[in-house]
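Visitor: Protein sequence lines, in the order shown, are assigned to chains A and B. Following our numbering, the residues of the first sequence are numbered contiguously, the last one being 205. Following our numbering, the residues of the second sequence are numbered contiguously, the last one being 1245.
One should not assume that every hint holds.
Sample of chain B residues facing chain A (criterion: CB under 8 Å; computed from the structure) [stated by the list, open to error]:
hint: 1; residue: 1004
hint: 2; residue: 1012
hint: 3; residue: 1014
hint: 4; residue: 1015
hint: 5; residue: 1019
hint: 6; residue: 1033
hint: 7; residue: 1036
hint: 8; residue: 1037
hint: 9; residue: 1039
hint: 10; residue: 1081
hint: 11; residue: 1083
hint: 12; residue: 1223
hint: 13; residue: 1227
hint: 14; residue: 1229
If you are wondering where the hints come from, they were derived from the structure by calculation, not from laboratory data. Every residue gets a Cβ at the ideal spot worked out from N, C-alpha and C, and that includes glycine.
Take a look at the letters that make up each chain.
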Amino acid sequence: MSNFRINTDRLLEVDLHNEKVMAISGAMVGYMGTMKFEKSLLGGEGLFGALKRKVTNEGLSLMQTTGNGTVFFAHNAAEITVIPLVNEKLFIESSSLLAYDDSLKTNTTFAGLRGATSGQGLFTTTIEGYGNLAVFSHGNLITLEVDPKYPLFVDPDAFIGYKGNISQEFVFDVNWRNMIGEASGESYQFKFTGQGVVYIQPAER
Amino acid sequence: MTSYNPNTLPKNDNLSRFAFVVDVEEEIFIRKGKMVAFYGQLQFESLGSSVVDILIKEAFNAPAYIQHFIIAKGHGQLILGDNGNDIASYDLDNANMTIKAKHLLGFTKDIVCQESTMIGFLTLMGTGKILASSNGPVHFLDLPCRVDEQAILGWADCPSPSYRYDYAHVNDLLSLVGVMTGITLSGEEKQIDFRGEGTVLIQSSELALGSPTLGHLLSQLPALGRNELNSLSAAVAQQITSQNR
């Protein structure tokens, strides 16, 4: 498992010792040591996985980085957060993923009838296993706990991902329509129940 | 990394530079679309609905901005975010404060909100809390001072400002021609002038609030040549057509 560090909120440092990390194409801003960057055609998901990703529009343009030394990743000065996974499964919007350990397995799953109008699609990306991953957000990522005692409501445009035994439903609220307004045409919110954590950004996409 | 639940969330305080938690117990006015998440039982009412008309009559006296705000009520914790802009809160104690309307994020119900005589600004009076967002952290200036029109966020406890035009360098016909054609303008000729006692708030940028993507794009425009601008304009037109479909 390679070492992921955050430098001043907006730069990700990864130490590699003949290891491999995956990152979105073009995210590298610099490196020390010897590194090789290759376009990852199938994203480590095999031919079928890549095909599914294409069809479900959870597109990820990935590159694999191998070598010895330290590599720096950043994305449009967005805030970056490292989430360590210990044999867990994380559901995440592919548009927020920056980099992840090669030891983690990604996949696409059906996320339910939620994103039809929010532009996030009906599918979401899952990532599971043991290792680090880095996500970027506009404003520092916020981690909110969900418990049977306190369900959580989230603006679909601020949602980034979740982890744990959580069920996600979308709630239609007539008054919600009044609230969003801003030419987005959305009138629903995500409701999270169960036990786990939800990641959001303090901004709307 | 800290994770929060309803018991550990800050109460009426910043969660980070970019997020603010409001402990909702009574009605509060917030800007549309700035809610990112909430715990508890909250309802959101538009200002036009009859249930809250009585409250509006007393607190919200700015008809031009009625579409921009909603009322949150119920019990719970409301997390606000504004596209990665900094959020700050200000406590009013029987005082008044004027804020650029686009930057006002919310205010409690005992505050009266009225349109300022400066167009595009709102004046808030009374006792309670105000939330405002800014591009970068807010700086406080003592009076007298002169500030840039784009950087100003608001002012408190001071007389209304006026515009000051700094054309001291225009002293002959040639420099007048230069000014009229825009060649010799520094871009800082029009300033807002504050006199008397009080505090002025400025943000650390001259960018208007908006999505970070748009701000980024606009800041890159001067670097483009004529041909590049033409192809950008064509691409934008194409994008608009495809979104209208």
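Visitor: Please go over all the hints and tell whether each is borne out by the structure.
Guide: So, going through the hints one by one against the coordinates:
no., hint, verdict
1, 1004, "holds (6 Å)"
2, 1012, "violated (16 Å)"
3, 1014, "violated (10 Å)"
4, 1015, "holds (6 Å)"
5, 1019, "holds (4 Å)"
6, 1033, "holds (4 Å)"
7, 1036, "holds (4 Å)"
8, 1037, "holds (4 Å)"
9, 1039, "holds (5 Å)"
10, 1081, "holds (3 Å)"
11, 1083, "holds (4 Å)"
12, 1223, "violated (16 Å)"
13, 1227, "violated (24 Å)"
14, 1229, "violated (22 Å)"
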